[in-house]
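K.L.:
Full structure from sequences and hints, please.
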Amino acid sequence: KYAAYKQRTEKEIEEKLKSYNLDLKEHDLILNILKNSKLIDDYDFTKNYILNAVTYKKKSLNVVKYELNIKGISNFMIEDALFEIDYNDSTEVENIKYWMAKFLVKNKNYDKGNFNHRQKLKNFLISKGFSYETINSSIF
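The numbering used here numbers the first residue of the sequence shown as 871 and each following residue consecutively.
Keep in mind the hints are simulated off the structure, nothing from the lab.
Treat each hint with caution, since some may be false.
[Stated by the list, open to error] No farther apart than 27 Å at their CA atoms in a straight line, the calculated lysine-lysine pairs in the DSS-like style are these: (1) Lys928 / Lys917; (2) Lys976 / Lys998; (3) Lys935 / Lys888; (4) Lys876 / Lys941; (5) Lys935 / Lys895; (6) Lys990 / Lys927.
[Stated by the list, open to error] Restraint-style ranges between C-beta atoms, simulated for each label pair: (7) Lys905 / His987: 49 to 57 Å; (8) Tyr926 / Asp893: 34 to 42 Å; (9) Lys886 / Tyr926: 42 to 50 Å; (10) Ile940 / Ile903: 22 to 30 Å; (11) Lys888 / Glu937: 16 to 24 Å; (12) Ser960 / Asn918: 17 to 25 Å; (13) Leu909 / Lys990: 41 to 49 Å; (14) Asp914 / Ser997: 25 to 33 Å; (15) Met947 / Ser889: 21 to 29 Å; (16) Asp981 / Lys886: 23 to 31 Å; (17) Asp893 / Asn958: 41 to 49 Å.
Just so it is clear, CB atoms sit at the ideal spot from N, CA and C, and this is done for glycine as well.
P.N.:
See the structure below:
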């Protein structure tokens, strides 16, 4: 039921199985059943997670990679999934512009010529996980 409720990584399932204090044989049997029935598929999870996080939640790629690493996904699998879904920098720039628009709605007195205002905007975007280089090349 835990694996069927929503898509999860193998690491998440393993952590849940550990809480049931199963012996190693039962643990491995359950994992194999879930893998064979495609309820656990880390690669598919990675592709879906990236698409959802970047497209709908407007997260930066750095944040998405960090979150996937916490869920037990390797950097190699992340890069492979990014290649397959044809991720490019234009998506990152669109997300920066989305967060910039949200920032400007809250900060109506923003003056692009004011160094402190620009720095405040940059810090806001950096706090969202965007790299300094991407921010500078796409906006300023």
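K.L.:
State for each hint whether it applies.
P.N.:
Results of checking the hints against the structure:
{"no.": "1", "hint": "Lys928 / Lys917", "in the structure": "holds, 15 Å"}
{"no.": "2", "hint": "Lys976 / Lys998", "in the structure": "holds, 16 Å"}
{"no.": "3", "hint": "Lys935 / Lys888", "in the structure": "holds, 25 Å"}
{"no.": "4", "hint": "Lys876 / Lys941", "in the structure": "holds, 14 Å"}
{"no.": "5", "hint": "Lys935 / Lys895", "in the structure": "violated, 32 Å"}
{"no.": "6", "hint": "Lys990 / Lys927", "in the structure": "holds, 22 Å"}
{"no.": "7", "hint": "Lys905 / His987: 49 to 57 Å", "in the structure": "holds, 52 Å"}
{"no.": "8", "hint": "Tyr926 / Asp893: 34 to 42 Å", "in the structure": "holds, 41 Å"}
{"no.": "9", "hint": "Lys886 / Tyr926: 42 to 50 Å", "in the structure": "violated, 26 Å"}
{"no.": "10", "hint": "Ile940 / Ile903: 22 to 30 Å", "in the structure": "holds, 25 Å"}
{"no.": "11", "hint": "Lys888 / Glu937: 16 to 24 Å", "in the structure": "holds, 21 Å"}
{"no.": "12", "hint": "Ser960 / Asn918: 17 to 25 Å", "in the structure": "holds, 21 Å"}
{"no.": "13", "hint": "Leu909 / Lys990: 41 to 49 Å", "in the structure": "holds, 46 Å"}
{"no.": "14", "hint": "Asp914 / Ser997: 25 to 33 Å", "in the structure": "holds, 31 Å"}
{"no.": "15", "hint": "Met947 / Ser889: 21 to 29 Å", "in the structure": "holds, 25 Å"}
{"no.": "16", "hint": "Asp981 / Lys886: 23 to 31 Å", "in the structure": "violated, 51 Å"}
{"no.": "17", "hint": "Asp893 / Asn958: 41 to 49 Å", "in the structure": "holds, 47 Å"}
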